[in-house]
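Protein chains: 2
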Amino acid sequence: MQVSRQRATLRLQDVATAAGVSIATASRSLSGAPGVSDTVAERVREVARQMGYVANVHARSLAAGTSRSVGLVVHEIGDPYFAEIASGVLRLGGEEGLTVQICHTGRDPDKELEQIRSLVAHRVGAIVIAGSGFVDPALQAAARQDLQAYREAGGRVAVIGRHHLGVDAVLPENTKGGRAIAEHVLALGHRRLAVATGSRGLTTIADRLAGVEEACTAAGVDFATVQVIEAEFTRAGGKIAAEQILAEHPDVTAILAMNDDMAIGILSVLRLQGIDVPGRISVTGFDDVAVAGDLAPSLTTIRLPMLTMGEHALELALKEPAARPRRRTAGHELVVRDSTGPPG
Amino acid sequence: MQVSRQRATLRLQDVATAAGVSIATASRSLSGAPGVSDTVAERVREVARQMGYVANVHARSLAAGTSRSVGLVVHEIGDPYFAEIASGVLRLGGEEGLTVQICHTGRDPDKELEQIRSLVAHRVGAIVIAGSGFVDPALQAAARQDLQAYREAGGRVAVIGRHHLGVDAVLPENTKGGRAIAEHVLALGHRRLAVATGSRGLTTIADRLAGVEEACTAAGVDFATVQVIEAEFTRAGGKIAAEQILAEHPDVTAILAMNDDMAIGILSVLRLQGIDVPGRISVTGFDDVAVAGDLAPSLTTIRLPMLTMGEHALELALKEPAARPRRRTAGHELVVRDSTGPPG
DNA sequence: GATGTGAACGTAAGCGCTTTCGTAAGCGCT
DNA sequence: AGCGCTTACGAAAGCGCTTACGTTCACATC
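One line per chain: the protein sequences are P and B, in this order. In this text, residue positions in the first sequence follow this note's numbering: the first is 1, and each later residue adds one. In this text, residue positions in the second sequence follow this note's numbering: the first is 1, and each later residue adds one.
In short, the hints are calculated from the structure, not lab data. Note that the structure is a prediction, hence the values are computed from the model and not measured. Some clues are possibly wrong.
Copies of the same chain are indistinguishable here, so a pair counts whether it falls within one copy or spans any two.
No more than 16 Å apart at the CA atoms, straight line, and that leaves these computed lysine to aspartate or glutamate pairs for EDC-like [said to hold, decoys possible]: (1) Lys319 / Asp146; (2) Lys111 / Glu96; (3) Lys111 / Glu95; (4) Lys176 / Glu214; (5) Lys111 / Glu76; (6) Lys111 / Asp276; (7) Lys111 / Glu46; (8) Lys111 / Glu248; (9) Lys319 / Asp276; (10) Lys111 / Asp222; (11) Lys319 / Glu96; (12) Lys176 / Glu333.
With the sequences and hints as input, model every part of the structure.
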């Protein structure tokens with residue numbers, strides 16, 4: 001007895017046979033390439049649909065030398081800042097019929113390189129790298145070199161929020177934003193400030209701090225008197241920073257967190273300790289993550305258009321590469337809410 | 001003059017030539033397959049590293065018939081619930097050396113099918129589908145059929161939070177959780193309840209509501225007297241629901257939101273209207289997203305281990321398929337915080 | 001010393017597509 | 001009828017890998 005051995009999946013050949021055409025015609029019909037009469041093309045498509053044929057992407061990419069997919073590298077997808085960027089990339093990518101590979105690095109430079117390599121291996125058409133780069137020149141150079149090779153092989157790269165990689169970039173106005181938020185606090189009359197920040201080894205943070213320093217200098221406040229507390233760039237880090245500030249610098253009247261996540265942690269500690277915000281201490285954030293406006297008190301912060309930044313970055317990456325790296329600034333906006341007020 | 005035409009990217013052949021071995025030996029060396037002496041294998045690897053060779057994943061997948069990548073389907077990656085699940089999948093996936101393709105559907109059933117097909121086309125080794133399914137049997141059947149074909153072709157599937165697809169599943173205790181949160185509120189003495197929920201056409205929501213109904217019945221509260229307000233399953237939907245509840249049912253003393261996002265929106269509206277929580281109205285959430293504990297008032301909710309659920313789902317999907325679909329329940333935990341108290 | 005054995009390596013046949021090139025047929029023109 | 005031109009299609013050559021199978025050679029066995 002003969003056992004009819006069934007293939008696991010349909011091939012283009014099966015569709016072609018069923019439609020009574022050659023494999024070449026079938027391929028052209030399905031991809032919409034010219035050189036096939038409309039009637040034949042339509043018949044092939046109908047047959048394929050009925051059979052439930054799904055083309056093998058690997059075979060297609062190998063033969064065509066291109067792939068309809070893009071890569072996205074983020075620090076941590078659970079972080080709302082990156083989640084929103086990812087949402088933007090996924091939205092535009094979906095519209096363009098691209099699949100998106102997401103990698104997260106946990107802010108580990110080695111892992112970042114590894115992830116980039118993996119994306120290169122996948123011959124993704126474009127790579128979007130979100131999140132701060134490293135101030136360390138050696139790390140920058142390593143990333144730069146890998147990306148350079150990828151681009152020479154025809155890959156496209158865009159980054160969000162770092163400007164040292166020689167590729168197209170979407171740049172949030174970190175320095176201007178840092179300046180704006182500090183100016184707001186200074187204008188309210190605060191003079192004894194603390195800053196809660198993540199590692200200064202990240203460019204984003206360095207930029208934001210630079211803005212704060214500018215504003216202080218302009219207002220005649222010696223930046224050296226500003227207490228800069230470095231902790232994790234997370235809610236937990238914010239809590240630790242807040243406790244440290246309260247313990248060591250009880251006279252501070254305003255705490256500037258360098259992202260909303262830290263600010264949320266800070267608010268939480270102040271609330272637990274019964275400290276009035278903004279009555280005794282004003283608190284500010286940075287990013288304007290979705291929840292910032294719904295906190296109590298709602299958070300004064302700098303709005304960055306994360307979703308749009310994700311879209312723009314992918315857009316840049318999909319464009320014909322320019323001779324010189326393009327820069328696209330993403331605007332910032334000071335959003336004044338209830339967490340800031342004049343010093344008590 | 002002869003122009004040396006340079007290849008865009010290195011091939012395995014180039015490495016083999018440089019190392020003075022055949023392409024087969026090179027392949028075996030790099031993949032760690034047996035049949036190569038250690039010295040030769042090491043030399044090949046060293047040469048490959050020095051040349052910066054990165055294997056073409058498409059060629060590899062095509063030849064080997066497998067791919068080291070998995071797909072993740074979520075409703076919306078910007079939603080913290082899904083972002084945390086994604087984080088779990090990415091974490092475990094990264095550990096296993098898998099790349100992860102993320103698709104989001106915007107809660108659109110057609111788009112979900114489309115995304116699943118795209119993943120099938122990519123011959124991903126496994127697919128994890130997160131998020132509620134549709135109660136509608138026709139939609140269920142369509143998804144089920146596509147997945148069935150994929151599994152017959154050797155693909156693995158696991159789902160999170162839906163139990164109708166005949167595949168391995170990680171099931172959050174939605175009904176038990178709904179019951180627990182309602183019991184908590186009822187035990188505090190509340191009798192005039194409102195529920196703010198997303199579309200009841202989603203299984204997750206139907207399950208949670210069923211739990212609430214159970215608790216009400218057990219406590220002798222007629223579920224028909226509970227005001228169930230259906231809106232978007234988001235912060236914005238929570239605000240709309242809250243306004244409607246305040247306008248139409250001002251005597252309500254507790255609002256049960258069917259996820260934290262809605263609860264945050266509700267808290268925000270109550271705060272704006274100067275309504276004391278929990279003094280006049282108690283509010284509960286569901287999920288325990290990261291920010292829930294740092295809100296003011298902090299949110300009483302049901303904790304679901306999202307990150308772990310993501311990991312477990314991928315784990316299930318990577319295992320040898322069992323004869324019968326496996327079920328793995330993810331525990332729930334009532335987290336009582338400051339947003340609930342006895343009715344005023 | 002003939003023979004079997006296994007390890008180490010090379011040859012070549014695909015994997016399922018895309019795309020170049022060749023060919024046949026249909027068309028209008030002289 | 002003969003010519004060139006266009007259009008529609010098929011044959012076949014890859015894309016860059018993996019892997020079944022063949023070959024070689026060192027070594028142990030009788």
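To see whether the hints hold, each was checked on the structure:
1. Lys319 / Asp146: Neither, since 20 Å and 34 Å both go past 16 Å.
2. Lys111 / Glu96: Answer is between; shortest inter-copy Cα gap is 14 Å, intra-copy 29 Å.
3. Lys111 / Glu95: between (30 Å within a copy, 11 Å between copies)
4. Lys176 / Glu214: Cα proximity of Lys176 and Glu214: one copy only (9 Å, versus 55 Å across).
5. Lys111 / Glu76: Answer is within; shortest intra-copy Cα gap is 12 Å, inter-copy 26 Å.
6. Lys111 / Asp276: neither (42 Å within a copy, 47 Å between copies)
7. Lys111 / Glu46: neither (45 Å within a copy, 21 Å between copies)
8. Lys111 / Glu248: neither (36 Å within a copy, 54 Å between copies)
9. Lys319 / Asp276: Answer is neither: 50 Å inside a copy and 53 Å across each miss the 16 Å cutoff.
10. Lys111 / Asp222: neither (38 Å within a copy, 56 Å between copies)
11. Lys319 / Glu96: So Lys319 and Glu96 pass the 16 Å test inside one copy only (13 Å; across, 33 Å).
12. Lys176 / Glu333: Close inside one copy (10 Å), not across copies (44 Å); limit 16 Å.
Hint compliance for this structure: hints 1, 6, 7, 8, 9, 10 are not met, and every other hint is.
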